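First to last, the sequence lines map onto chains A and B.
Going by the working numbering, the first sequence opens with residue 1, and the numbers climb by one from there.
Going by the working numbering, the second sequence opens with residue 282, and the numbers climb by one from there.
If you are wondering where the hints come from, they were derived from the structure by calculation, not from laboratory data.
Treat the hints loosely; a few may be bogus.
What the hints assert, rightly or not - Think about it this way: if two alpha-carbon atoms lie no more than 30 Å apart in a straight line, the pair counts; the simulated DSSO-like pairs of lysine-lysine are:
| hint | chain 1 | residue 1 | chain 2 | residue 2 |
| --- | --- | --- | --- | --- |
| 1 | A | Lys25 | B | Lys525 |
| 2 | A | Lys147 | A | Lys125 |
| 3 | A | Lys25 | B | Lys493 |
Fair warning: this is a prediction, and the values are worked out from it, not measured in the lab.
Protein chains: 2
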Amino acid sequence: MEPIHNIVICGGTHGNELTGVYLAKKHGWLLANPAAAALCRRYLNRDLNRCFALSELKSRKNSSGELARAREINTLLGKKGTKTAPDLILDIHNTTANMGITLILSSKEDPALLAISKVIAKEFKDVHIYLQPESREESPYLGTIAKRDICIEAGPQPHGTLDAELFFKVERVVFRLLELVEALNDGVLPKAGDKIETFTETRSIDYPRDAKGNITAMVHPALQGRDFCELKAGMPVFMGFDGKEILWQGETCYPAFINEAAYYEKGVAMLLTLSGQGCLG
Amino acid sequence: MEPIHNIVICGGTHGNELTGVYLAKKHGWLLANPAAAALCRRYLNRDLNRCFALSELKSRKNSSGELARAREINTLLGKKGTKTAPDLILDIHNTTANMGITLILSSKEDPALLAISKVIAKEFKDVHIYLQPESREESPYLGTIAKRDICIEAGPQPHGTLDAELFFKVERVVFRLLELVEALNDGVLPKAGDKIETFTETRSIDYPRDAKGNITAMVHPALQGRDFCELKAGMPVFMGFDGKEILWQGETCYPAFINEAAYYEKGVAMLLTLSGQGCLG
Numbered sequence: 001m002e003p004i005h006n007i008v009i010c011g012g013t014h015g016n017e018l019t020g021v022y023l024a025k026k027h028g029w030l031l032a033n034p035a036a037a038a039l040c041r042r043y044l045n046r047d048l049n050r051c052f053a054l055s056e057l058k059s060r061k062n063s064s065g066e067l068a069r070a071r072e073i074n075t076l077l078g079k080k081g082t083k084t085a086p087d088l089i090l091d092i093h094n095t096t097a098n099m100g101i102t103l104i105l106s107s108k109e110d111p112a113l114l115a116i117s118k119v120i121a122k123e124f125k126d127v128h129i130y131l132q133p134e135s136r137e138e139s140p141y142l143g144t145i146a147k148r149d150i151c152i153e154a155g156p157q158p159h160g161t162l163d164a165e166l167f168f169k170v171e172r173v174v175f176r177l178l179e180l181v182e183a184l185n186d187g188v189l190p191k192a193g194d195k196i197e198t199f200t201e202t203r204s205i206d207y208p209r210d211a212k213g214n215i216t217a218m219v220h221p222a223l224q225g226r227d228f229c230e231l232k233a234g235m236p237v238f239m240g241f242d243g244k245e246i247l248w249q250g251e252t253c254y255p256a257f258i259n260e261a262a263y264y265e266k267g268v269a270m271l272l273t274l275s276g277q278g279c280l281g
Numbered sequence: 282m283e284p285i286h287n288i289v290i291c292g293g294t295h296g297n298e299l300t301g302v303y304l305a306k307k308h309g310w311l312l313a314n315p316a317a318a319a320l321c322r323r324y325l326n327r328d329l330n331r332c333f334a335l336s337e338l339k340s341r342k343n344s345s346g347e348l349a350r351a352r353e354i355n356t357l358l359g360k361k362g363t364k365t366a367p368d369l370i371l372d373i374h375n376t377t378a379n380m381g382i383t384l385i386l387s388s389k390e391d392p393a394l395l396a397i398s399k400v401i402a403k404e405f406k407d408v409h410i411y412l413q414p415e416s417r418e419e420s421p422y423l424g425t426i427a428k429r430d431i432c433i434e435a436g437p438q439p440h441g442t443l444d445a446e447l448f449f450k451v452e453r454v455v456f457r458l459l460e461l462v463e464a465l466n467d468g469v470l471p472k473a474g475d476k477i478e479t480f481t482e483t484r485s486i487d488y489p490r491d492a493k494g495n496i497t498a499m500v501h502p503a504l505q506g507r508d509f510c511e512l513k514a515g516m517p518v519f520m521g522f523d524g525k526e527i528l529w530q531g532e533t534c535y536p537a538f539i540n541e542a543a544y545y546e547k548g549v550a551m552l553l554t555l556s557g558q559g560c561l562g
């Protein structure tokens, strides 16, 4: 494996996710969307973290707002898909879901980052490893500029607020990640063992909606806050505004991003994952 | 006391406080800021719930955005300060602070609403009575259009999300309030006893900030979520981004709205209250 030297840490890709905004300001890391951060909004015109597909970065169309900023960041960091791209990006996010610290690995097969993430999961409480199988080239996420990346999700935290405990925990995780990358480069990465669980994203499900697209139900109280717990057929998943329970009829899964504020507009009530014992390890 | 007949219930005064938005839609109550609700933002141009001072409602200046909507609502409901104003407004809000259901009475002396609120506090768990001494005429809150009002704050809930348990609890509280108003009119209001605590707002305090106005500290983990608990000199109140603890040096008080997302931009880290055993009762 090629060593990982050129590392970029960023926060504020979403301007109202304040852990990353204030960690970036504290340490001089990249504040990805300063215009949105100044107004404490997720984005102004378009979700910046959906602007990094290679085809959009290369196109010359519509270069204003977040898309212009995406192209600027791409140029600044060394360009996606080229040799000068960073070796690694760590991008810090918050979620309103009860996901603790979730390390999202966006590349399909990356045993090195998986090994590092497992050490973090072993050393810190309430850490989850989340695998997002996808093609990096057309993936829209900021981290995919780099050859490999970890998206760090921290929650639950209402957007537009700071939780001091979470702030310092994320900071410790980032600095430990940097130490572990160095250990990896030196061939002395500690072993975490094979028993660290991973969760592989399969699909999203939306809220029940009426013909006009308005939601007609909420996450069921019995599921609220139960990210990464088993959901089986027959268990309650939504509750209508009329109080009616809606039971899960799908596959056994482990939902995450349950009731994430930013996903209401994206048609996502939660993301489903399958649990595997380090299936890529 | 004149009977209370003309009652207005509203939600969505802040468009991202979804309990009120969806209760208003469910029951056909007044959706106060539909433009902000459509975009799931607190407000578009200006905080609607700071537009209802009588002098602003009467002025003909700058009538666009939220101020125009405030004047429209005022006309619709019967005009603040006149005989045709509603007898009572119930305005439903959410907070990211751990305030349970907090009934805010904005009028300086209103034994009738206080008696009703005490019955609610006795019947429901985690209900707090919050007194906001102020002149109704120049108060900027929507509820002050009416002769009397209760602002219902429900939390903790991240803005832009729904919590099913909180949704149904607020709904039950509203319907119980209506029953109790009827009982009051009929002279058969149940007595709650004298031991229900009330909290009277005294002042706000801001986050520590640098010369440029940027916050330099967060709510201390030991205070986070401890709304309506006693804060005494020497107890931790903030924690700097560098980890330094800042201890409280002020008066003994009972903070509320601790770490409310919408108040970062208002220069408010929390509001201080004094506890009294129904001092207006």
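Do the hints match the structure? See the list:
no.	hint	verdict
1	Lys25(A) <-> Lys525(B)	holds, 17 Å
2	Lys147(A) <-> Lys125(A)	holds, 28 Å
3	Lys25(A) <-> Lys493(B)	holds, 14 Å
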